[in-house]
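Protein chains in written order, with this note's numbering: chain A, 1 to 341; chain B, 1 to 341; chain C, 1 to 341; chain D, 1 to 341.
Please keep in mind that the hints were generated in silico from the structure rather than gathered at the bench. Be a bit skeptical, because a hint or two may be false.
No copy labels: a pair is met if it fits in one copy or bridges any two.
Simulated crosslink set (EDC-like; lysine to aspartate or glutamate; CA at most 16 Å straight-line) [unchecked claim]: (1) Lys40 / Glu58; (2) Lys248 / Asp220; (3) Lys202 / Asp274; (4) Lys120 / Glu332; (5) Lys96 / Glu67; (6) Lys47 / Glu141; (7) Lys40 / Glu332; (8) Lys267 / Glu330; (9) Lys248 / Glu133; (10) Lys109 / Asp70; (11) Lys47 / Asp274; (12) Lys202 / Glu296; (13) Lys40 / Asp274; (14) Lys40 / Asp168.
There are 4 protein chains.
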Amino acid sequence: MINVGIIGGSGYTGGELLRLLLGHPYVNIEAATSRRLAGKDVCDTHKHLRGFLDMQFEDLSPDEIKERCDVVFVAVPHGTSMNIVPQLLDGNNNVKVKVIDLSADYRLKTSVFEQVYGMKHTNPIDAVFGLVELHPDVADEMFISNPGCYPTGATLSAAPLVAAGLVDAVIFDSKSGISGAGIDPSVASHYPNMAENIQPYKLTTHRHRAEIFQELNRLDNSLTNISFTPHVIPSVRGILTTAHIFTKSTLSADEVKRIYTDFYKDKPFIRVIDGIPTLSAVRGSNFCDIGFEVDEHNRRVVVVSAIDNLVKGASGQAIQNMNLMCGFDETEGLWVAGVAP
Amino acid sequence: MINVGIIGGSGYTGGELLRLLLGHPYVNIEAATSRRLAGKDVCDTHKHLRGFLDMQFEDLSPDEIKERCDVVFVAVPHGTSMNIVPQLLDGNNNVKVKVIDLSADYRLKTSVFEQVYGMKHTNPIDAVFGLVELHPDVADEMFISNPGCYPTGATLSAAPLVAAGLVDAVIFDSKSGISGAGIDPSVASHYPNMAENIQPYKLTTHRHRAEIFQELNRLDNSLTNISFTPHVIPSVRGILTTAHIFTKSTLSADEVKRIYTDFYKDKPFIRVIDGIPTLSAVRGSNFCDIGFEVDEHNRRVVVVSAIDNLVKGASGQAIQNMNLMCGFDETEGLWVAGVAP
Amino acid sequence: MINVGIIGGSGYTGGELLRLLLGHPYVNIEAATSRRLAGKDVCDTHKHLRGFLDMQFEDLSPDEIKERCDVVFVAVPHGTSMNIVPQLLDGNNNVKVKVIDLSADYRLKTSVFEQVYGMKHTNPIDAVFGLVELHPDVADEMFISNPGCYPTGATLSAAPLVAAGLVDAVIFDSKSGISGAGIDPSVASHYPNMAENIQPYKLTTHRHRAEIFQELNRLDNSLTNISFTPHVIPSVRGILTTAHIFTKSTLSADEVKRIYTDFYKDKPFIRVIDGIPTLSAVRGSNFCDIGFEVDEHNRRVVVVSAIDNLVKGASGQAIQNMNLMCGFDETEGLWVAGVAP
Amino acid sequence: MINVGIIGGSGYTGGELLRLLLGHPYVNIEAATSRRLAGKDVCDTHKHLRGFLDMQFEDLSPDEIKERCDVVFVAVPHGTSMNIVPQLLDGNNNVKVKVIDLSADYRLKTSVFEQVYGMKHTNPIDAVFGLVELHPDVADEMFISNPGCYPTGATLSAAPLVAAGLVDAVIFDSKSGISGAGIDPSVASHYPNMAENIQPYKLTTHRHRAEIFQELNRLDNSLTNISFTPHVIPSVRGILTTAHIFTKSTLSADEVKRIYTDFYKDKPFIRVIDGIPTLSAVRGSNFCDIGFEVDEHNRRVVVVSAIDNLVKGASGQAIQNMNLMCGFDETEGLWVAGVAP
């Protein structure tokens, strides 16, 4: 049994960590912090957890939380995390805590981070990029940087073909549920703006492109023609990515199927399917469903991936990392089917 | 470990039974029948269960399925169930199987059934109405009739005040997600008809009124002024019932709160809350959330209940019945929080 | 040709006034005010009007706008309007302008207003309640108070039976699109809170009850048992009201039909239909569709009305008032079918 | 005043023709056919038109309808139209009627049609492709083939750059409201399948690709690398197309803006906007809104177009064609703003 704490427990990512950790057989939820809501019942914010959790948000310093926890999830905005993580990792007093950061602060090389996010990085530390299927070495780490939601679905959709050196260019056209924009009301999340709509944004400049580029370029450093355009759709959860992949040669559907099946063999949360993925099949679960068709016209393979942005795209993947870091089975507490319809 | 079978496994109710039973520690899913899909993979229909179930639909007679199972759920349309249940319960060959019928065939007294459904009942059998919170005696039964979705949420919202003899009249104004209409496309479930809409139907003549009447009248046989009007809303799951309850005397909020809290003491799936229930807090879970306000103008209490129609309103409640019939803890396999947001 | 101004042109009501007035053959849109957006293009806010309007929001005092206009619509929050309307109506300089106030400030008797809204009324003026179908005398007025959205649909659904002295009690259970909450993001309008949900609120205490009470009580002053419970639904536009009407005697469907048809004879925007109204049939239009069923059990008639809250429930009705006040045909600029599907 | 008939008036396209033609000052709606609904009130199907139309569907032969009409719209499925159009155009008895076919039967060269649709074309006739902005010569024709919904939005989004010879390759990633699938319930349009989802389909093989290819290739016959992938989104109306355009050289935003503005100068229904188009701004209207961003990484321009699939993508465009064919102003009856929010 391990004690787990969450820094930033009042948002959607924090709520989803709590919901999923409640089903983990080896976890005691020790603390969830929120400066603004300190002293308030966690279930006043996360009403679906009523009856499961009798705890209040606390206002804890990194030093305080690490005294009580074996694992700490950091679920705060980018730019904030870099002021918390180093203290958590600082091993004085012989306290050692494992840390999983869900912010963007440690996903990119420092120089790239500073350019993309337009801010100075005050506390650079090397971290493994916790996309477990591509980075099995997370098992040896004390600190993991959890991937962004879009990069998870996009990278997984293209990685097998890229790793095989078969790709000339990729255009990722991604469609995300609005929960990715967070728990606070905004113009984008205003129901009349979102309902019966689909809203592209940052057509060419979304920051997540840098993560996708980093990960795919790592698999094939000759591949640089990578584009990414995000949209929000009238859905709470889910990211569906349509990856338009131009290949160096013409591939048959059988070849593509074999490449994906081999690449994701023994990866329990990747389901390579016949047919086209759908968000409802992964809702609430840690799966990434992948399907595809081959275009006979243009040496294009269209690969579609579907994830739940709050689970595989955030909190579920973070727990998947925790499982490996702690020596648990990768699927512990996560082997739950999606809720459909 | 018990072997469980589902007759009619291809619809939403069947799919939800499968999803929930997968998380039950003492259940082996032995068989799911579908005449139309016999031989097909269950997960071709219920895609969210891929990776969890490696089984095909079968075309089994009642005698065949009862040979292999300890418990059988019957999830077929009304009028069909009455031709299946008697064979299942027939104890020849010393085979004894517990049966939970999710259809309407055994919920009402035979004479009422025949009037409301406009058909002859070919095989009447007495059954306990499996609304567990009002019928704890289900534990002693071999055969349970599982309540309708609307009657579950409506009856639970008013039962405490009715049982206290305080009610003059009730108008239930219920709003249901469209999954209640089933997995087959229909005019009602056609997206352009449902989106950005709310559709009342059978304003005064819905068949579920008879179940609500039966259950509330059982608690107070002087209460007959009971009205029920259903609506479908642009939601897949969930039933929210607004119960406009006219009371015999003026009640304070404190009194009402105490009456509900006492009545549902020790009922793990009823959460009497401060504030107003919301569908997202119960989505995917077996809870019934109940909140209320007292109207100072008209001796009216407005009680709101929220359930997931496919869980507490159907498959979850059926498993709750199974748990009691089999001597398991009432919450076994069902103690899971809703998926929100 | 008349010159029309809008005080408070940047919200949904203002935008809808602009959209509808663009189709009015006798109207010149002279000015739209917004303190916050003064100088900005109107079409930056109301993007659907691009190509139709080349004007900027202005920051105008009541005296300034009335110099330029024949009719002024006041579309500001309650409590603000009372500081604007008197100046508009003040006839010094021999300037006479017709005024239609869309706020709540002049809908209720002053004493009732002060109690319901919990504020002192600083500038009481008598105004006709501009529910045209019940107040044809608006034609003689210089100042009209435009009804609230819920009271429009609710009052119209019950008025014929109430006016006939046939009603014992009414429970209005209303369901509104979220645009009624305005153009600014809020917790209620946050997409993840609203999607796949239906949210009751102010179960017994919504301020619009006072308007409904005033109007129905005016038709039958013995009727006081009037309840109102509102909900928001996952829809941008539309209010559907389910009126549970308990009658003094049992009525046949034919009688009810005749009462409604007679009452609304020569009312072009009321469509008494066979069957049950649906929001999509009135979307974008000024119609109120009304249908009903008679309950044989409980001397209850269930009447359903459907309106577009932004049109018949606000801006369309305001223009309907303007038409009568200005001697135009009641339907001028408003005789447009809804947009369905 | 012209007499207009609609063959196939009971679907969404027929209903939208009726709605829009009702606002046309020079049109008398003479007839709407439906074999299945002959004799039934048109407004029983198109409920939003109640009060506007007092007519019944008729079962008319092509010869019968052309006797009574000056213009006939053919709104029937592909494969059916080819058996109707020739009779309509046949000039015996000196009856001359203008015909606009909304099916796919006459959009493509016959050989291409036969390959793409997998059927023999029984009655080939040459027709101008009625995408008015690219085919101003429709004004001289008696017979026009109205473009498909996807090809309208996709072609318009890329045409200016293609016509300038600047394009290497285009990937159209289109997202359509489900009304494009028609008025009859289907698995795709089943609310639980569509809500909170986005469903790609025919990733590489949608038939509309051939139309897009034909039209863009006509503008630059060296351009052949054209891909098209459609999706349905939880929206009733609207198609948003994200065009990923790879250009031969790097273009500045100013250059792109000038190219689009020049190309669509004097095209009243094309609005080249700053910022990103949104479906709600065009809902119910005949506009095509176009916006874009330039990608500094990959010589890519991302152009987004938004149309209402039932208006500019079908019935509105058909009336735009009718206007030109009949010598009316192009915007007659169509100069109406969208309904937002």
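Cross-check of the supplied hints:
{"no.": "1", "hint": "Lys40 / Glu58", "verdict": "within (8 Å within a copy, 45 Å between copies)"}
{"no.": "2", "hint": "Lys248 / Asp220", "verdict": "within (13 Å within a copy, 25 Å between copies)"}
{"no.": "3", "hint": "Lys202 / Asp274", "verdict": "between (32 Å within a copy, 13 Å between copies)"}
{"no.": "4", "hint": "Lys120 / Glu332", "verdict": "neither (38 Å within a copy, 52 Å between copies)"}
{"no.": "5", "hint": "Lys96 / Glu67", "verdict": "within (9 Å within a copy, 56 Å between copies)"}
{"no.": "6", "hint": "Lys47 / Glu141", "verdict": "neither (34 Å within a copy, 35 Å between copies)"}
{"no.": "7", "hint": "Lys40 / Glu332", "verdict": "neither (30 Å within a copy, 30 Å between copies)"}
{"no.": "8", "hint": "Lys267 / Glu330", "verdict": "within (9 Å within a copy, 35 Å between copies)"}
{"no.": "9", "hint": "Lys248 / Glu133", "verdict": "neither (25 Å within a copy, 37 Å between copies)"}
{"no.": "10", "hint": "Lys109 / Asp70", "verdict": "neither (27 Å within a copy, 59 Å between copies)"}
{"no.": "11", "hint": "Lys47 / Asp274", "verdict": "between (37 Å within a copy, 11 Å between copies)"}
{"no.": "12", "hint": "Lys202 / Glu296", "verdict": "between (31 Å within a copy, 13 Å between copies)"}
{"no.": "13", "hint": "Lys40 / Asp274", "verdict": "between (47 Å within a copy, 15 Å between copies)"}
{"no.": "14", "hint": "Lys40 / Asp168", "verdict": "neither (53 Å within a copy, 39 Å between copies)"}
Checked against the numbered hints above, the structure violates hints 4, 6, 7, 9, 10, 14; every other hint is satisfied.
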